[in-house]
Amino acid sequence: MEPQRHDDEWAAIRLIVRRYALSRTRQPDLADDIAQQAVLNAIEYQQNHIVISLHALAFRIADNLIKGHYRRLKPISDISEIDGMACARPLPDRITEDRAETRAMLEALNKMPPLRRDVFMRRRLDGQSCEDIGRALNLNPKAIEKHITRALVDLHAARRKWREVETPDKTIKPDNDIEEGWAS
Amino acid sequence: MIKVVNEPSLLSVEDEAAAWVVAMMAETVPAHTERQFELWIKAHPDHAQAYADMCASWQAAPVEDALTFKRRQGASRQFISVVVGGALAACLVLGFVGVNTRSVMLPSFKPQPTYSASLMTGPGDIQDVALPDGTRIALSGNSALTVRYEGRRRQVNLTRGEAWFDVAHDESRAFHVAAGEAEVKVVGTAFNIDLLDAVTTEVSVYRGKVQVAAGERSVDLTLGQKAISQNGRIARSMFDAQAIPDWREGWFEAEDIELGRLIAEVNRFAKTPVRIADPDLAAKTVSGRFKVSDPALVLSGLKQVYGIEVRQGKTVTVLTK
Numbered sequence: 001m002e003p004q005r006h007d008d009e010w011a012a013i014r015l016i017v018r019r020y021a022l023s024r025t026r027q028p029d030l031a032d033d034i035a036q037q038a039v040l041n042a043i044e045y046q047q048n049h050i051v052i053s054l055h056a057l058a059f060r061i062a063d064n065l066i067k068g069h070y071r072r073l074k075p076i077s078d079i080s081e082i083d084g085m086a087c088a089r090p091l092p093d094r095i096t097e098d099r100a101e102t103r104a105m106l107e108a109l110n111k112m113p114p115l116r117r118d119v120f121m122r123r124r125l126d127g128q129s130c131e132d133i134g135r136a137l138n139l140n141p142k143a144i145e146k147h148i149t150r151a152l153v154d155l156h157a158a159r160r161k162w163r164e165v166e167t168p169d170k171t172i173k174p175d176n177d178i179e180e181g182w183a184s
Numbered sequence: 001m002i003k004v005v006n007e008p009s010l011l012s013v014e015d016e017a018a019a020w021v022v023a024m025m026a027e028t029v030p031a032h033t034e035r036q037f038e039l040w041i042k043a044h045p046d047h048a049q050a051y052a053d054m055c056a057s058w059q060a061a062p063v064e065d066a067l068t069f070k071r072r073q074g075a076s077r078q079f080i081s082v083v084v085g086g087a088l089a090a091c092l093v094l095g096f097v098g099v100n101t102r103s104v105m106l107p108s109f110k111p112q113p114t115y116s117a118s119l120m121t122g123p124g125d126i127q128d129v130a131l132p133d134g135t136r137i138a139l140s141g142n143s144a145l146t147v148r149y150e151g152r153r154r155q156v157n158l159t160r161g162e163a164w165f166d167v168a169h170d171e172s173r174a175f176h177v178a179a180g181e182a183e184v185k186v187v188g189t190a191f192n193i194d195l196l197d198a199v200t201t202e203v204s205v206y207r208g209k210v211q212v213a214a215g216e217r218s219v220d221l222t223l224g225q226k227a228i229s230q231n232g233r234i235a236r237s238m239f240d241a242q243a244i245p246d247w248r249e250g251w252f253e254a255e256d257i258e259l260g261r262l263i264a265e266v267n268r269f270a271k272t273p274v275r276i277a278d279p280d281l282a283a284k285t286v287s288g289r290f291k292v293s294d295p296a297l298v299l300s301g302l303k304q305v306y307g308i309e310v311r312q313g314k315t316v317t318v319l320t321k
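Protein chains in written order, with full-length UniProt numbering: chain E, 1 to 184; chain B, 1 to 321.
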């Protein structure tokens, strides 16, 4: 019964990582592969290391896999200048879609209070830490975290609205739920 | 995780998920934060889903593109609202991730407000909380207490584990802590209470003076004194009050301490609970300075020094002779 519980835990992690990978890549097959690989790597890793959060570990590995995937796919054609935006994403068939989504994100950014936007930009685009931003703006790092969180919630809401979908990934059927989820 | 009972949670699951994404994206994530994260994400399937979605929004390439575009657009304009916004933001520091600081930071200038809260921590999860009167409580892992301020009485019940108190001075409202059979009464002071089991309580005073009562008896303790109350008896002794309690740094100092007691400390940090197979072994005494915040280290030490067998199961770790 104990190994069973263990398996269940990994299955749950695989499912949630898949949901994450799917939301990022919008390719069900790729999301399957990434989730599968992330869990295998995580299982191997935790055999030799002390891991506090298996979820955090699996997400981190999935991030690296997604990054690696796109790095391999990076095309030669110049898609880095679209409407004057730097864009490192490689799948040409998704560019139009992404441009529309980017416009939606831009709208959400425009609606934000300037401070919230500035703080989020420093964190997300420049990679400054909350402590650094706090020092620069003379604010408590906790307050900075709060601003970034608000900004993320705003962008997430806009992104979800733009995609006009509810994505109930509770059913474990690998693909069916996805198609309807991302058709737009 | 801390739960404040008197107010419904102000944060939606999405808000919590966003806060966790921001916390987990930091360059370095403290171990206790990661532990809390794992507890949170496993607490409910909705949490995991919300986190996955929110994390994807954080990483989404369109977000990055939009930011880059905005940056270029804005580069030509002046940015003037930072100072005003900053001042405003300073007033808007709200609660964060389960720790519902909003209600704990209720303004203290209200006349004698009634206030109640219930705090709980999981293993390895130490929480520092400020109460409305300025009193601070640090709750050790796997511990629980309730707070009730009413009229002229500030009452805390420690129902499990261990807590450190730094009580704001207020002669008009005495501060009482009930822990097991012991009752501690203070005016303004700093002290630690360790509820070892239902009938054993250890109280250590780091500043000021407290009165410990158990059954018919009571003793006054001052700086550097500690008392163990057990089955209505109170024994007083001295300790080094220069440092803060060891557990706040994850250490436990044992001098001929029963293994059972040490393992109780370890269990405040262990993700997998540690059990002792038989009472004889639990009564065996051990000595040393143990990093109880790192259960694996303690257990391997016990194995090496005392020859105690450690059997690592999936849901429980068992110690045998």
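Honestly, the hints are just simulated from the structure, not real lab data. Incorrect hints may appear among the rest.
[Said to hold, decoys possible] Some, not all, of what chain E presents toward chain B, calculated at C-beta under 10 angstroms:
{"id": "1", "residue": "E9"}
{"id": "2", "residue": "A11"}
{"id": "3", "residue": "L109"}
{"id": "4", "residue": "R124"}
{"id": "5", "residue": "S129"}
No residue lacks a Cβ here, since even glycine has one placed at the ideal position from N, Cα and C.
Hint check results:
Hint status for E/E9 relative to chain B: holds, with the closest Cβ pair at about 8 angstroms, below 10 angstroms. Checking E/A11 against chain B: minimum C-beta separation of about 12 angstroms lies over 10 angstroms; hint violated. With a least beta-carbon distance of about 5 angstroms to chain B, the hint placing E/L109 at the interface is held under the 10 angstroms criterion. Evaluation of the E/R124 hint against chain B yields a held restraint, the C-beta minimum of about 6 angstroms falling below 10 angstroms.
About 6 angstroms separates the beta-carbon of E/S129 from the nearest beta-carbon of chain B, less than 10 angstroms, and the hint is met.
Comparing the model with each numbered hint stated earlier shows that hint 2 is the single one that does not hold.
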